[in-house]
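Novice: Read off the chains here:
There are 2 protein chains.
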Amino acid sequence: MSFSPLIEQLISALRCLPGVGPKSAQRMAMQLLERDREGGRHLSEVLKLAMDGVGRCQKCRTFTEQEICNLCDSPRRDEKLLCVVETPSDVLAIEQTGGYSGLYFVLMGHLSPIDGIGPEEIGVDELLRRVDEAGVKEVIMATNPTVEGEATAFYISEQLQSQGVLVSRIAHGVPLGGELEYVDGGTLAHAMAGRKQIDL
Amino acid sequence: MSFSPLIEQLISALRCLPGVGPKSAQRMAMQLLERDREGGRHLSEVLKLAMDGVGRCQKCRTFTEQEICNLCDSPRRDEKLLCVVETPSDVLAIEQTGGYSGLYFVLMGHLSPIDGIGPEEIGVDELLRRVDEAGVKEVIMATNPTVEGEATAFYISEQLQSQGVLVSRIAHGVPLGGELEYVDGGTLAHAMAGRKQIDL
Ligand SMILES: [Zn+2]
Ligand SMILES: [Zn+2]
Numbered sequence: 001m002s003f004s005p006l007i008e009q010l011i012s013a014l015r016c017l018p019g020v021g022p023k024s025a026q027r028m029a030m031q032l033l034e035r036d037r038e039g040g041r042h043l044s045e046v047l048k049l050a051m052d053g054v055g056r057c058q059k060c061r062t063f064t065e066q067e068i069c070n071l072c073d074s075p076r077r078d079e080k081l082l083c084v085v086e087t088p089s090d091v092l093a094i095e096q097t098g099g100y101s102g103l104y105f106v107l108m109g110h111l112s113p114i115d116g117i118g119p120e121e122i123g124v125d126e127l128l129r130r131v132d133e134a135g136v137k138e139v140i141m142a143t144n145p146t147v148e149g150e151a152t153a154f155y156i157s158e159q160l161q162s163q164g165v166l167v168s169r170i171a172h173g174v175p176l177g178g179e180l181e182y183v184d185g186g187t188l189a190h191a192m193a194g195r196k197q198i199d200l
Numbered sequence: 001m002s003f004s005p006l007i008e009q010l011i012s013a014l015r016c017l018p019g020v021g022p023k024s025a026q027r028m029a030m031q032l033l034e035r036d037r038e039g040g041r042h043l044s045e046v047l048k049l050a051m052d053g054v055g056r057c058q059k060c061r062t063f064t065e066q067e068i069c070n071l072c073d074s075p076r077r078d079e080k081l082l083c084v085v086e087t088p089s090d091v092l093a094i095e096q097t098g099g100y101s102g103l104y105f106v107l108m109g110h111l112s113p114i115d116g117i118g119p120e121e122i123g124v125d126e127l128l129r130r131v132d133e134a135g136v137k138e139v140i141m142a143t144n145p146t147v148e149g150e151a152t153a154f155y156i157s158e159q160l161q162s163q164g165v166l167v168s169r170i171a172h173g174v175p176l177g178g179e180l181e182y183v184d185g186g187t188l189a190h191a192m193a194g195r196k197q198i199d200l
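For the record, the sequence lines run as chains A and B. Position 61, counted from 1, in the first sequence is what full-length UniProt numbering calls 61; the numbers after and before it change by one each time, with no gaps. Position 151, counted from 1, in the second sequence is what full-length UniProt numbering calls 151; the numbers after and before it change by one each time, with no gaps.
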């Protein structure tokens with residue numbers, strides 16, 4: 001039996017966070033109440049701002065509260081080099097290796113005909129237009145090394161073939177069947193450096 | 001480099017949660033944005049309500065948004081049996097064993113002269129008055145099995161001696177030096193059942 005319906009609600013609401021089970025949700029709720037109400041209020045505010053305010057970058061489709069994200073807007077990035085990833089988390093993972101200086105294009109998923117996700121849903125037309133207009137020299141396919149990720153990379157490579165751009169795939173230093181965002185920085189940096197041109 | 005100041009703020013705000021490091025904060029932020037904005041908004045609302053609305057029960061001093069908590073208010077609990085604990089988390093831990101039917105008194109800490117925490121701060125006078133007015137027959141001291149917890153239990157036992165009430169201490173099934181809220185339910189239920197009267 002619980003002493004407070006509101007605390008029960010808080011414990012249950014915290015479980016929307018990945019990796020948080022009943023025991024750790026309870027610990028989080030009690031610790032905020034006992035020791036850090038200011039931290040809890042601040043989290044509440046930022047959470048609302050982010051859930052309501054974060055949209056998509058008009059150039060690269062990653063998450064941002066601005067029209068154009070800070071990466072696309074940076075004068076220090078090489079806009080002739082474009083890395084195609086599945087999610088914004090993958091952008092963060094690659095940025096944290098510190099070894100990549102180009103720009104990104106975020107598919108927000110991968111091709112999955114069964115779920116009704118075709119080329120349009122992952123923005124392939126936008127990608128082709130962007131490569132053309134910005135005069136991109138190389139496109140690095142950094143989709144996940146899963147069956148769907150490989151198929152998506154292959155499909156996009158075929159579409160890019162006619163544009164006379166070099167298309168490469170990150171090397172298989174990335175463990176097969178894994179998710180890019182959970183790969184350690186060293187492996188990922190190595191995989192980026194060891195990328196190969198895709199032979200069609 | 002990050003693509004969004006607001007997402008950076010969210011990742012940093014999530015670190016107020018216990019056990020959440022930079023990597024898991026990032027995973028939480030991205031998963032909410034990608035897959036569960038409704039869950040994130042709900043968490044934001046409940047978090048604000050709880051941080052602003054949760055106070056202390058006027059009878060047992062545990063956390064509640066009501067004047068009297070649901071436990072103190074329940075007609076099914078034995079009000080002649082009182083269990084003294086350090087924190088509301090300890091109440092939850094004991095409740096989850098399902099083996100205790102009495103009421104609680106929450107000290108919200110333990111005696112710590114160095115930090116200026118004396119009998120008044122942990123509500124010893126309130127406790128003595130409650131034991132007297134409710135005609136409590138037995139007080140179970142379930143403070144943490146740490147040096148401070150033992151000292152607090154001993155001090156309160158001495159104060160209760162003149163009131164002709166049975167004072168017991170939960171058995172040492174609870175690992176010494178540990179914190180009550182992290183003990184598994186079985187051990188805790190066993191320790192409650194094996195409690196001993198405190199000899200003064
Ligand atoms: Zn962008
Ligand atoms: Zn109460």
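Simulated from the structure, these hints should not be mistaken for lab results. Misleading hints may appear alongside valid ones.
Copies of the same chain are indistinguishable here, so a pair counts whether it falls within one copy or spans any two.
Quick list of in silico lysine to any residue cross-link-like pairs, SDA-like style, CA-CA up to 25 Å [what the hints assert, rightly or not]:
(1) Lys48 <-> Gly123
(2) Lys23 <-> His42
(3) Lys23 <-> Gly109
(4) Lys196 <-> Ala25
(5) Lys48 <-> Gly178
(6) Lys48 <-> Arg76
(7) Lys23 <-> Lys196
Computed from a predicted model, the values in this text were never measured in an experiment.
Novice: Evaluate each hint against the coordinates.
Specialist: Evaluation of the provided hints:
1. Lys48 <-> Gly123: Neither: 28 Å inside a copy, 38 Å across copies.
2. Lys23 <-> His42: both (23 Å within a copy, 20 Å between copies)
3. Lys23 <-> Gly109: Between copies only: 21 Å across chains, 32 Å inside a chain, cut-off 25 Å.
4. Lys196 <-> Ala25: neither (45 Å within a copy, 33 Å between copies)
5. Lys48 <-> Gly178: neither (32 Å within a copy, 37 Å between copies)
6. Lys48 <-> Arg76: Neither: 32 Å inside a copy, 40 Å across copies.
7. Lys23 <-> Lys196: Neither, since 46 Å and 29 Å both go past 25 Å.
Checked against the numbered hints above, the structure violates hints 1, 4, 5, 6 and 7; every other hint is satisfied.
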